[in-house]
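Numbers 18 to 152, taken from our numbering, label the letters of the sequence shown in order.
I should point out that these hints are in silico values taken from the structure, not numbers from a laboratory.
Virtual Cβ for every residue (Gly too), placed ideally from N, Cα, C.
Accuracy of the hints is not assured; some may be wrong.
What the hints assert, rightly or not - The calculated lysine-lysine pairs, modelled on BS3-like cross-linking and capped at a C-alpha distance of 25 Å, are:
no., residue 1, residue 2
1, K84, K62
2, K72, K62
3, K105, K84
4, K49, K72
5, K127, K85
6, K85, K105
7, K84, K127
8, K85, K49
9, K62, K52
10, K52, K85
11, K72, K84
12, K105, K49
13, K105, K72
14, K49, K62
15, K49, K84
16, K105, K62
17, K127, K52
18, K72, K85
19, K52, K72
20, K52, K84
As the list claims (entries may be wrong) - Just the calculated beta-carbon pair ranges, DEER-fashion:
no., residue 1, residue 2, range
21, D117, A89, 17 to 27 Å
22, K62, K84, 22 to 32 Å
23, I92, N146, 18 to 28 Å
24, E130, V76, 20 to 30 Å
25, T120, K62, 10 to 20 Å
26, A89, Y122, 21 to 31 Å
27, D87, F48, 27 to 37 Å
28, H61, L96, 39 to 49 Å
29, S88, Y125, 40 to 50 Å
30, D117, S88, 12 to 22 Å
31, D117, I92, 10 to 20 Å
32, V76, F48, 12 to 22 Å
33, V53, F148, 14 to 24 Å
34, N146, D101, 39 to 49 Å
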Amino acid sequence: MFIRHRFLFTVVILVTGVFGISAGIGTGNQFKNLKVLPQNITEHKLDSIMDSYCKALDVGCDFCHEKKTDSAGQITDDLDFAADGIMKENARGMITLMIDINTRYFYYDKSIEPAYLNAVSCNTCHRGNPFPLNE
């Protein structure tokens, strides 16, 4: 009898855990420190936007995102996507400018999140250069 109850208990725990994990996937926002992009952005949309920034400036993620430091204070190869740095703050300013231009000077579908508009994009000015004035 004890073995049967233990088996049922184990099955219930496993099933509950699987449903709990799968229910948690894709819900809520796992991203930290989003200040300009929408809080409810999907991982796919965030990756797509970040890829477009990298292509427009011909840079990698570490151009804006700082590297993590380990417990000994050594810089690692891993990026701290939530950390604020100078280039990330500059990027936020540029994204805000781009949103302002797109919403102020172009007609657009009001049901679309302004951060997703691209009449004017990073590539409009940067054209593959991290610093467009240094061409």
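* To do: Take a look at whether the Cβ-Cβ distance between I92 and N146 falls inside 18 to 28 Å.
  => About 26 Å separates the Cβ atoms of I92 and N146, which means 18 to 28 Å holds.
* Asked: Given the proposed pairing of K52 with K85, does the C-alpha separation stay at or below 25 Å?
  -> Distance ~20 Å between K52 and K85 Cα, so the pair holds.
* **Consistency of beta-carbon spacing, D101 to N146, with hint 39 to 49 Å** => Cβ of N146 to Cβ of D101: about 24 Å, so the range 39 to 49 Å is violated.
* Asked: Is K105 within 25 Å of K72, Cα to Cα?
  -> holds, 16 Å
* Asked: Does K84 lie within 25 Å of K105 when you go C-alpha to C-alpha?
  -> holds, 12 Å
* Pairwise hint evaluation, K105 against K85, where the allowed Cα distance is 25 Å at most -> holds, 15 Å
* Asked: Is the Cα-Cα distance between K105 and K62 25 Å or less?
  -> Cα-Cα ~18 Å, so holds.
* **Range agreement (Cβ of F148 with Cβ of V53, hint 14 to 24 Å)** => About 20 Å separates the Cβ atoms of V53 and F148, which means 14 to 24 Å holds.
* Hint consistency between K84 and K127 [alpha-carbon to alpha-carbon, up to 25 Å] -> violated, 37 Å
* To do: Note whether the CB distance of H61 and L96 lies within 39 to 49 Å or breaks it.
  => Taking Cβ atoms as reference, H61 and L96 lie about 19 Å apart, which means the hint is violated.
* Can the restraint linking K105 and K49 be considered satisfied, given a maximum Cα separation of 25 Å? -> holds, 14 Å
* Asked: Between K49 and K84, is the straight-line Cα distance small enough, at 25 Å or below?
  -> Distance of about 16 Å is within 25 Å: holds.
When the structure is compared with the earlier hints, violations turn up for hints 5, 7, 21, 26, 27, 28, 30, 31, 34 and for no others.
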